[in-house]
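4 protein chains.
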Amino acid sequence: MRALRLHKPYEFHIHDEPIPQPQPGWAQIQIKSVGVCASDVHWYKDGRIGNTVMSDPIILGHEASGVITALGEGVDSLKVGDRVAIEPAKPCMRCEFCLSGHPNVCPGAPFFGTPPTDGCFCDYIVWPAELAIKIPDSVSFDAAAMIEPLAVGDYAVELSQIVPGDTVAIFGAGAIGLSTLQAAKLAGASKIIISDPIQARREMALKIGATEAIEPSEVRNAVNATTSARGIDIAFECSGSEEAVCECCEIARILGKVMILGIPDGDTYPFAASASRRKQLSAIFVRRSNLNTERCIEYVAEGKMDVKPYASHHFTLEQTKEAMELAITRGDGLIRAIIAVNE
Amino acid sequence: MRALRLHKPYEFHIHDEPIPQPQPGWAQIQIKSVGVCASDVHWYKDGRIGNTVMSDPIILGHEASGVITALGEGVDSLKVGDRVAIEPAKPCMRCEFCLSGHPNVCPGAPFFGTPPTDGCFCDYIVWPAELAIKIPDSVSFDAAAMIEPLAVGDYAVELSQIVPGDTVAIFGAGAIGLSTLQAAKLAGASKIIISDPIQARREMALKIGATEAIEPSEVRNAVNATTSARGIDIAFECSGSEEAVCECCEIARILGKVMILGIPDGDTYPFAASASRRKQLSAIFVRRSNLNTERCIEYVAEGKMDVKPYASHHFTLEQTKEAMELAITRGDGLIRAIIAVNE
Amino acid sequence: MRALRLHKPYEFHIHDEPIPQPQPGWAQIQIKSVGVCASDVHWYKDGRIGNTVMSDPIILGHEASGVITALGEGVDSLKVGDRVAIEPAKPCMRCEFCLSGHPNVCPGAPFFGTPPTDGCFCDYIVWPAELAIKIPDSVSFDAAAMIEPLAVGDYAVELSQIVPGDTVAIFGAGAIGLSTLQAAKLAGASKIIISDPIQARREMALKIGATEAIEPSEVRNAVNATTSARGIDIAFECSGSEEAVCECCEIARILGKVMILGIPDGDTYPFAASASRRKQLSAIFVRRSNLNTERCIEYVAEGKMDVKPYASHHFTLEQTKEAMELAITRGDGLIRAIIAVNE
Amino acid sequence: MRALRLHKPYEFHIHDEPIPQPQPGWAQIQIKSVGVCASDVHWYKDGRIGNTVMSDPIILGHEASGVITALGEGVDSLKVGDRVAIEPAKPCMRCEFCLSGHPNVCPGAPFFGTPPTDGCFCDYIVWPAELAIKIPDSVSFDAAAMIEPLAVGDYAVELSQIVPGDTVAIFGAGAIGLSTLQAAKLAGASKIIISDPIQARREMALKIGATEAIEPSEVRNAVNATTSARGIDIAFECSGSEEAVCECCEIARILGKVMILGIPDGDTYPFAASASRRKQLSAIFVRRSNLNTERCIEYVAEGKMDVKPYASHHFTLEQTKEAMELAITRGDGLIRAIIAVNE
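Residue numbers (numbering that gives the first Met the number 0), protein chains in the order written: chain R, 0 to 342; chain W, 0 to 342; chain G, 0 to 342; chain U, 0 to 342.
Read the hints as simulated data drawn from the structure, not as lab findings. Among the hints, erroneous ones may be present.
In this list, chains with the same sequence are indistinguishable; a pair is considered to hold if it fits within one copy or across any two.
[Claimed, not checked] Below, in silico cross-link-like pairs of lysine-lysine (DSS-like), each with a Cα-Cα straight-line distance of 27 angstroms or less:
| hint | residue 1 | residue 2 |
| --- | --- | --- |
| 1 | Lys307 | Lys190 |
| 2 | Lys78 | Lys44 |
| 3 | Lys190 | Lys133 |
| 4 | Lys320 | Lys303 |
| 5 | Lys206 | Lys89 |
In isolation and in its complexed conformation, chain R is listed as follows (with noise of 0.2 angstroms):
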C-alpha cells in the first residue's frame, strides 16, 4: 500500500509499505478522506510541537474516515463494508483519568500522526475496534473525516459549561473555530461573534450561523456593541494567535470565561494581567475531544450540525505537501484541506 511520510519538516515521500493486518479485537480500515489540521501543519513545518520531537519518518493525519476492510478475531460491533469515522487517540481505559471519564487526557496515549504513532495519509490503518464508530449512509467521507474537529468544539462548548442566551465570542474560523460556533448555537447561544482574517472563513461562518464575522481587529468593538460594553461571556481562541489569547482576556465580561482551544507558535500563553485578574475570569485550556464522536455523527445526521462546507479543497495522496502549502499560507479561502485517499 502506499505511505506518505515525513522525513524532516517540508520532505514528504511515498513509500510501498505492507498492508497491515488487525490482531484480535482491532479492525483494518481503508482509508478514504482525511483532513489536514493546524496540528500536521505544524509537524510539517517545525517537526514538533512544543517538547514533542519526530525523530523516525512518520504519517500523518488524524481527521480520517474510511471502510472497514478486515476484522480481527472478537470483533462483533462491526462487519466488512462497514463505513466509519474514526477516533485519533487510543486511550488505555485503565488510568485514573480514562477511568474519571477523561480518556482525553491519557498520558502517554498513542494519538494518529504523533510521534512514535503513524496517522491515517496512507491507504490502510489497522486500530482497535471500538474505536472505528459506523456512520449512517447520509454521511459523507468527508463529513466523517470532519467529525474530528467537529468533537473538538463541541467538546470546548460543553466544557465552558455555558447556558442558554450566553454572548460568546470566537477567534479562528477554521475547522475549529467553526465547529465550537455550530456546538455554541446548538447550546443556545443568544450572540456568537467570530473573527478571522480570511474573508471565505467569515462567509462561511455567517453561513453557519453566526451573528457577526468579523477581523480580529474589530472584535473589541463588537462586543462593546453588541454586549453594552458589558463584555462577552465565554470567549473561545481558536486560532493559535497569542494576540488573541490577551484579546480574550480584553473582552470577557467580570466572572467570564476564556477557553483555549489554539496552540501558539510560541512557549506561553500570554494572558492579559490587570483585566485577568480585575475581573477575575476562569480560563480553561481545552484537550481535544472527550466522549463527543457518537453524539456529534447524530448531530450531522440529523442536520443539526453541517461539516460539508468545511471540506473547501480537495488533493489526492501524492499532492499533500501541496495541500500544506495552502494550509500554511492559508490562501485561496481555504477552510480544510481534504486529502482524499482512496475514491
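Using the hints, position chains W, G and U against chain R.
Coordinates of chains W, G and U only, in the frame set by chain R:
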C-alpha cells in the same frame, strides 16, 4: 489629624488635615494598625498598578484596624469604643455582580489607597458602618489588620473548590501565601508545599502547618517526590513572579488547577503552553476576598488560624517610608510591616 | 375600580375600591390579562397552600400584564402608556439570598395573591417600577401574562444544568410543563417525552416541540424504548401528582436528576426509596423563577419560544369563578384560563 | 471452613464448606473482623431490601478485614501475610459509570452479602486482588473492618460539596453517622449537631468531635439556637428514619442540602413539601462509597480519623445471631457489633 500622602513615587509627606466626620450610616474610626501590602509597594515604587495611575497625592494603606470614635445617624450595629477590622472595598450592592454574590468584582468599587480613594495611613477615617466589623477582645489590632490578607487566602482556597485530601503547592510565603496555607490546611489539604526565597518566611510557614517549605527552584522536585510524579492538585501563585506562573503549570497534575493571586511586574501572566494544554489545566485569577472577613475573624478568635506572626516588623506613621523600603528589599526576614498609627 | 376578592373557599365577591396611587419609585398599572395558575386554584379550593393560610378576603392572580397609567416620583425607566409584564414577587434585595443571586428565595418576599399581599384580579395595581418589565409591541398582553410561567420553566431547566444532547421527561403539559419543554428544547435536549392525561395538552406539546406526548402511565415504557433502558437524564415533575414524583425516580438514569416544580395536595413528596438510592439520584425543588423574565420576553419576541397557545380559554373578571371551576376539572382541553380584565 | 448462611429471616446455620481457591488476579483472604451493618440486619429480619429479595441461603457481612493467605496467578500488588481492608463491591470497570469515575453505581456490581453474592461471615473468601487494600500495622483488624462505613461517610461529605465554615446536622450516630461527623470535621465544618436516641452513641459523638449530641426531637431547636434560626447548611440523614427525612427538610437553611444515607423500612423517602419547595432545597441520595477507601486508611493511620471506638461489642461467628438481635434492639449502648471470625 496626621495624613501621610504619597506625592509621587518614593515621596511621602505628612499633612495636617481636618478629622473627617461621619455621614448618616457611616462610622468614624481611629486607625490603630495598618499592614503594608505588596500593592502599596507597587504604588510607592511605580505610582501605578497596571492601567490605573495615581495623579493627586494619595493616602495609601488598606489592611487596617481601629476603634470607633463617632457614628453617623442611624447606625445601630456599632457603638463608640468598638474595636473593628475594616473592609477596604466599598461595593455598590446594586450592580449585577454585587447582587449575584460577588461584591469583590463590583466594577469601580472604591478601595482604600487606590486612586482616587484615600486609604488608612492617617489618624482617622470615615467609612460605611457595615464595613467596620467588630472584633472580640482576644483579637489584637495587629491581628485585625491582618484579617484582610487572611480573607484573600481564604477566598482563594474557597474558589479552588479544594476537597479534603488534595495536595497543594504555594509560591510565596508572605502574608497572602501564609494565609492561603492556613485556609488550605483548614479545608483538609493532605500535603502543602510552600516556597519562598526568604528563610524566615519558610520557617514561619513550617510553624503554621506547611508540610515542606523550600526555595522556589526546588518545588518541581518536591512535588514529584511528594506525589510520586503525579503532580499537585492545586497550585497557588502568591508571589507575583512570572516564572512562578509557568512553574504552576508544570507542577500541576493532569486536570489540575492554577489559582493566581500574585500581581506581576509585567503586563501578562505567561502560562506554559504545552503543559497547560496537554494536562487540560484550569486557571482562576482571584480578585481580593469575597465575604470572608467575618469567617476569618471567627477562625482567629477560635484559634483555628493565627495571624499574629505575620506582623514581623513595626513602624510609626512617620517611618512608613522605611517600611516601604524594607518591603522592597524583603530584608531582615520580613513577613508584614505594620504601621502602628495610634498606640 | 373593580377588585375580585376571595372571601372563603369557592366564594368570590366583586368590590368597588379606590384606585391605588403609586408612591415614589412605584408604578400604577392597569391590568390587562391575568393567567389562572394552579396555585390560584389551590387558594380557591382550600384557602391555603401548605402552612400558609388565608384569613382576610384576598385578591388572587399573579401571572399578569398591563399598561402603565401613572408613575410615582423618580421613575425614569418607564413612561405612561408602556406595555409591561409584571414580576409577581417583591424581594428585599438586602438579605443574603437576594445578595447572592437568589431573590427567588428571599424569605417573606411579598408575592401577588399570597396572603397578605393582594394580587391582580382587579383593574389597577401599584408595584415597584423595576418589577414592571417593558414588552415590545409584538408581544400581546396574553403572551405577556404567560411570561411568568415561562420563566419558571426556563429557570427549572437552567437549575438542572442540562447539556446539549440530554434526554428529558416532563410530567404535566400545563403552562409550566410546556414552558419547561420549550426551555429544554432551546438548551439542546435531544429527546423530550412529555405526559399529560389531557389530549389537547398532548397535542399542544407536540406542536411546540415534544418528541413524544403520552399518558402518564405510558412514560416508563416510552423512556425505556427511547433510551434503550438506560433511563432519562433529567425528569421534571410539573403535574403536582405524588405518583409522578415516584415515577420520576423510576425513569431517571443512574446519576440522573429529578427537578420538582409541581405542588402536591399532600404534605410530602414521596421519593421512591430503592430507585433513588441505588441510582444515586439528585433532586432539586424549584422555587418560582429567578431573573429569567427579561430573557423570556426576548425569546418570545424573537420567536424562539411561543406562549400564545397557552391562552386556551378567556373569561371576564366577573367570570373568574367559572375559570376556576374549569381549571379544577381541567375540562375542554384547557391549557391556561386567562382573565381578560380590561380589553 | 465455616460458613454462616442465612436460610430465611432469623435463621442462621453454620456450614462446613471447602475453602475457595483464587483464580488469576484474585486473592484468598482469611477473614478476621466483620462489622454488622444495618443492611445486614435488614436481610436478617426481612430477607429483602427494597425490591431485592434473597432466595438461596446466603452468607451476609461486607465490612471486613483479613489476611492474605494465597494469591492467584499474576498478582504483584500483594503478598501472603499482608493485612488488608476489603472493598465489598466489585464494579465492572467497563460500563459508562465505572468509566466516568462512579464505580459505586455500577449496575449489577456484585456486593458482599447481597444476593446472589456471598459475603464475609465465614473463614475464607476469594476476591480480586485490587479490592484488597493493604493496611499498615498500626491499623487493627477491627479498625480495618470499619473502613467501609468510614468511607461511606467520607463520600457523603465529599458529595455534599461542603466548604469550610459550613454548619452540619446529622441524624443517627451509628457507624455511618459517626463517620459522616468525622469527615465533616476534617473538611472544616464549623458546627456539627448530631442526634441519636441512644445515650452511648451521643457520648461517643461528643468524644469524636460533635459540637452537640442530642435526642432527635431536640434537633430543630438546637439548629435554631446554633444558627440564629437561619437553618443548617447541610443535613445528613444516617438513621433510616422517615421522620428524620422530613426533619432534614425542616432544619435545612434556604438553598440548603439534604444528603440521604439511611435505608428506611418503607418504600419512600417523604420530603416535607412546603419546606423543600419554599427553600429550594437540593437532595442527594448517596450510594455506598466511591474510591474513598485508600484515603480513609491514610486518615486512620495518621490519626486524623478514629474508628476504634465503633467496635463496641464483639461476637464469635457462632454468636452472629446474638449480634443481630442486639443490633435490632440497639441495646447496651451498641455502636457496631463486630464478628471476630478468626482471632
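Going down the list of hints, with the structure as the test:
1. Lys307 / Lys190: both (23 angstroms within a copy, 25 angstroms between copies)
2. Lys78 / Lys44: neither (38 angstroms within a copy, 52 angstroms between copies)
3. Lys190 / Lys133: between (34 angstroms within a copy, 21 angstroms between copies)
4. Lys320 / Lys303: Cα proximity of lysine 320 and lysine 303: none, with 34 angstroms in one copy and 46 angstroms across.
5. Lys206 / Lys89: neither (35 angstroms within a copy, 44 angstroms between copies)
The earlier numbered hints that this structure contradicts are 2, 4 and 5.
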